[in-house]
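Visitor: Please model the complete structure; the sequences and the hints are all you need to start from.
So the protein sequences, as listed, match chains X and H.
So the numbering used here is basically just the index in the first sequence, starting at one, shifted up by 70.
So the numbering used here is basically just the index in the second sequence, starting at one, shifted up by 111.
To be clear, the hints were calculated from the coordinates, so they are not data collected in a lab.
It is possible that some hints are incorrect.
Simulated DEER-style distance windows between Cβ atoms [as the list claims (entries may be wrong)]: (1) H:318 <-> X:73: 46 to 54 Å; (2) H:162 <-> X:196: 56 to 64 Å; (3) H:319 <-> X:72: 49 to 57 Å.
Sample of chain X residues lacking proximity to chain H, with all beta carbon distances greater than 10 Å (derived) [what the hints assert, rightly or not]: (4) 85; (5) 196; (6) 200.
Glycine included, every Cβ here is placed at the ideal spot set by N, Cα and C.
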Amino acid sequence: MSYAFDWGVLWRYREALLGGLGLTLALSLLGLAGAMAVGLVAGAAGAGERRLPRLLAAGYVELARNVPLLVHMYFWYFGLTALRLPAFWCGVLGLSIYSGAYVAEIVRAGIQSVPAGQRAAALASGLSQWQVLRLVIYPQALRIVAPSLAGLFSQLIKDSSLASVISVAELTFVAGEIEGDTFRAFEAYIGVTVLYLIIVTTITQIALRTFRGGIVDPEMRY
Amino acid sequence: MDASVVARNLPYLADGFALTLEMAALSILGGTVVGVAVGLARAGHMPLLRHAAAFYIELIRGTPLLVVLLVVYLAVPALTGQRLGPVPSAVIGFIVFVAAYIGEDVRSGIASVHIGQIEAGLASGLSRARVMRLIVLPQAIRRMIPALFSQFVRLLKFTSVASVIGATDLTGAVLAVNAREVKPLELLAFLALAYFVACYSLSLLGRWLNRRFAIAS
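Guide: The following block contains the structure:
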């Protein structure tokens, strides 16, 4: 085994790698925003008392998270070709709908962890339903679920690598390009592994310091 | 909608589904064996093994699955000059990937057993290995059922990524059929349904096992 390493290839492709890193972060941040939007609604419906919204929310959660993310992305990318969505937005939609199911479960658990007596007391003291949610339930629930949401974000960063399959030029895709140009498969893929590792570890450490509690892996929940 | 495209290609799609299930079963088996070993090393009292296990867990948990597969399929062969086929590469990648997550679950399962029980076991003259085998693991494994099964379900979903490196698993088969027939909506609906049935069944099995063996904490 005599392999001449050429790590300089990563420096020569620094601009492409930085661009890929930017797209990876953009995909993950927009995916997180979308997942939060979907998940807050579905989570509130899932924790609510009305039967129909609860069933709909449960149906969405089970359907979205029992289908692979790759299939979600293909659905938007070439299932709905009539929409002619750019690949980047197909990636964002796929990530949002898939991860939204996990956010919904996290939010539902958060809402249910606020003791029922608080809701009753707030209603009895004259607050409206919406005020109870906004002033009493959400502030406490969101604080409880914050560490889980941070865990979900690092999950999203890793998951966003699948957008390379639908030709979004994010980090993993750039590694493929470097390999195609230079045949430096080892340097390219180990290089992006280190980049992912740095981003994910940084986010996890920041979250750990901020919330002190353990990060709950969102995949851990049924 | 034209569901006949699925019927026409059913034998081919069924082969793909069989490969998906086969890869999932092999990876679940291999991943659990390696994962338990990693978890024991991580929770054990040998510093070198403990640090090595911790490094492995952090490394893999910070890396996307697709990148792990590409490293096994493309990067390592660039070094050694010997390339495995897509399916063996994918299975190795899945095992390496899921073992890190299972290792962490095993570690926290072991940590969930009260230290007093371990001290009592040691004080009554049992060896460390026996305390682990007779007292700690039976409780830890029962507590780990939900976490383990959510890893299994995740792995079953993630086998779809093997299609990216060229395996004709269920996803690869659907892509191949679509390239010929161009019926993306029908084929993707079938694909989603097949994964849903497989994953949901596996998670129901996990819930049932958990109810059956759970310990009240």
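Visitor: Could you work out which of the previously given hints the structure breaks and list their numbers from low to high?
Guide: none
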